[in-house]
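Chemist: Required output: the full structure, derived from the provided sequences and hints.
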Amino acid sequence: MTLILVADDDPDILELVTYKLENSGYKVIPVPDGAEAIRCARESQPDLMILDVMMPFHSGIEVTIEIRNDSTLKNVPIILLTARSMELDTERGFAAGATDYMTKPFSPRELLSRVEAVLGRN
Amino acid sequence: MKTALSTSVILLSASIISFLIATVSIRFVRTIREKRLVAIQIDLRRVLIKLVSGDLPSATLAQAIKFKTIHFDELSEAMVSKIKGEARESLVDFLEARGAVDGAISRTYRLGAMKRCKAASFLGNCGIKRSRLALERLLDNRNPEVRSTAIRALGLVGDPRSVEALLTRLDRDRKALPFGMVLVALNRIGSVGNRQVRNGLDGEGEWQRAATVELLGLQGVIEAVPALVEHLSSDLSFEVRIRCARALGRIGSPRATQKLIDSLSPEVPLGLRVVSCGALGLMGDPRSVVPIARFLNENNQSMSRAAANALAQIGGGGIAALKACVAADGFGAGHAIEALARSDIKENAKELNSRKAIV
Numbered sequence: 000m001t002l003i004l005v006a007d008d009d010p011d012i013l014e015l016v017t018y019k020l021e022n023s024g025y026k027v028i029p030v031p032d033g034a035e036a037i038r039c040a041r042e043s044q045p046d047l048m049i050l051d052v053m054m055p056f057h058s059g060i061e062v063t064i065e066i067r068n069d070s071t072l073k074n075v076p077i078i079l080l081t082a083r084s085m086e087l088d089t090e091r092g093f094a095a096g097a098t099d100y101m102t103k104p105f106s107p108r109e110l111l112s113r114v115e116a117v118l119g120r121n
Numbered sequence: 000m001k002t003a004l005s006t007s008v009i010l011l012s013a014s015i016i017s018f019l020i021a022t023v024s025i026r027f028v029r030t031i032r033e034k035r036l037v038a039i040q041i042d043l044r045r046v047l048i049k050l051v052s053g054d055l056p057s058a059t060l061a062q063a064i065k066f067k068t069i070h071f072d073e074l075s076e077a078m079v080s081k082i083k084g085e086a087r088e089s090l091v092d093f094l095e096a097r098g099a100v101d102g103a104i105s106r107t108y109r110l111g112a113m114k115r116c117k118a119a120s121f122l123g124n125c126g127i128k129r130s131r132l133a134l135e136r137l138l139d140n141r142n143p144e145v146r147s148t149a150i151r152a153l154g155l156v157g158d159p160r161s162v163e164a165l166l167t168r169l170d171r172d173r174k175a176l177p178f179g180m181v182l183v184a185l186n187r188i189g190s191v192g193n194r195q196v197r198n199g200l201d202g203e204g205e206w207q208r209a210a211t212v213e214l215l216g217l218q219g220v221i222e223a224v225p226a227l228v229e230h231l232s233s234d235l236s237f238e239v240r241i242r243c244a245r246a247l248g249r250i251g252s253p254r255a256t257q258k259l260i261d262s263l264s265p266e267v268p269l270g271l272r273v274v275s276c277g278a279l280g281l282m283g284d285p286r287s288v289v290p291i292a293r294f295l296n297e298n299n300q301s302m303s304r305a306a307a308n309a310l311a312q313i314g315g316g317g318i319a320a321l322k323a324c325v326a327a328d329g330f331g332a333g334h335a336i337e338a339l340a341r342s343d344i345k346e347n348a349k350e351l352n353s354r355k356a357i358v
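So the sequence lines, in the order shown, correspond to chains A and B. For the first sequence, counting from 1, position 87 maps to 86 in numbering that gives the first Met the number 0; every step adds exactly one. For the second sequence, counting from 1, position 327 maps to 326 in numbering that gives the first Met the number 0; every step adds exactly one.
It should be emphasised that the hints constitute simulated quantities derived from the structure, not laboratory data. Hints should not be assumed to be uniformly reliable.
Unchecked claim - A few chain A residues that face chain B, going by a derived Cβ cut-off under 8 angstroms, partial list only:
#1 K19
#2 E21
#3 S23
#4 Y25
#5 F105
#6 S106
Stated by the list, open to error - FRET-style restraints, in silico, Cβ to Cβ:
#7 M85/A / I16/B: 28 to 34 angstroms
#8 N347/B / L87/A: 16 to 22 angstroms
#9 M53/A / V8/B: 26 to 32 angstroms
Just so you know, even glycine gets a beta-carbon here, dropped at the ideal spot from N, CA and C.
Modeler: See the structure below:
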């Protein structure tokens with residue numbers, strides 16, 4: 000079963016994304032912050048990560064950089080989900096190594112399509 | 000004496016003990032309440048998540064609509080601003096069915112700035128068109144926070160009918176509505192409000208026209224070019240004329256080039272000439288190279304700098320004019336060198352990015 004790690008400090012979004020993905024047949028690990036995301040990723044080797052950008056301890060960008068520098072995780076696709084919608088923020092996200100970038104407010108259905116597309120590509 | 004002392008010691012100890020017991024009990028009750036609240040929120044959130052995912056059975060939905068608790072509305076309000084699409088629509092329908100929207104509209108009439116702000120923010124997040132009049136009324140509220148929230152909410156609701164209400168209020172009291180916030184709200188309403196926005200050009204108020212011009216430029220409304228060209232030369236307000244030049248530069252229509260070149264003539268106020276120069280640079284029309292190059296050696300620093308930057312943006316003939324100015328070592332040579340350097344940096348960055356993309 001495909002394993003997806005979701006990191007967001009907002010319980011509403013964390014739970015919504017988790018529910019939507021689990022309902023679509025994915026196994027999900029929800030975590031509330033960046034540090035936990037790095038720890039869980041190393042432990043469980045997910046197939047995909049969905050990260051919020053503004054999180055406590057480590058931002059989504061920092062987590063992405065950390066993951067890309069980890070030899071065992073560097074190929075894991077990462078979708079950044081964030082309230083920052085400026086062009087510069089998107090550029091920063093992609094420069095850090097994100098595979099896709101989605102802005103909040105988001106459509107759960109669109110997120111699911113992107114997850115499927117990213118996993119399909121990989 | 001001894002008895003009185005021991006009595007007072009006993010009384011003091013008793014009051015300290017009762018104080019401690021009271022503090023501990025209050026803390027205990029509070030902790031239990033908080034835990035209960037968290038548990039309730041977890042349950043309610045689950046219901047909401049099922050609702051926005053379209054998985055809530057109709058019987059449970061009917062129960063949820065009737066279930067009266069403030070926590071439900073608070074959680075829904077928080078969630079509505081985080082999602083979009085079908086999920087958001089179903090949540091807004093749910094809030095409508097619960098009467099939360101009517102409640103918020105009536106709260107905009109209540110005393111208390113905080114309550115009005117919260118209600119306005121909620122209505123904006125829900126994007127309910129029928130809340131427009133209530134929100135427009137809040138634009139005249141005494142409290143600046145309430146007015147700002149109402150502006151933001153009207154932008155989110157996105158009803159083109161509120162364009163006029165926002166624009167006309169700009170001139171009633173200059174400090175009442177922040178100009179930038181009104182612009183953001185109007186920009187959010189977007190192209191559906193373009194017709195109403197363009198009507199603002201005929202308005203009597205100076206700030207109404209200024210906002211209209213700014214917005215037409217930001218949205219790149221090409222049909223507005225003839226009107227903007229007219230206002231550039233004939234508007235009574237200098238503020239509006241300057242904004243017209245900037246808007247025309249942003250739109251970039253070649254129909255405006257000649258009028259902007261005319262605005263460089265010496266009898267035109269300096270501020271307008273500087274902005275027109277910048278606008279011509281943005282447009283990048285080679286016809287403007289010669290008229291702009293005349294200002295490279297102008298004694299005024301702002302004008303000389305604006306001319307150099309505009310020429311660098313135009314490229315081609317503009318760059319040649321800058322190089323000629325550097326070679327002649329005239330008054331504007333310093334600005335020309337700076338502009339050329341900036342242009343080089345930009346070109347290098349472009350090349351670097353394209354190389355990265357290839358790699």
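Chemist: Of all the hints given earlier, name the ones this structure violates by number, lowest first.
Modeler: Going through the list in order, the structure violates hints 2, 3, 4, 7, 9 and respects the others.
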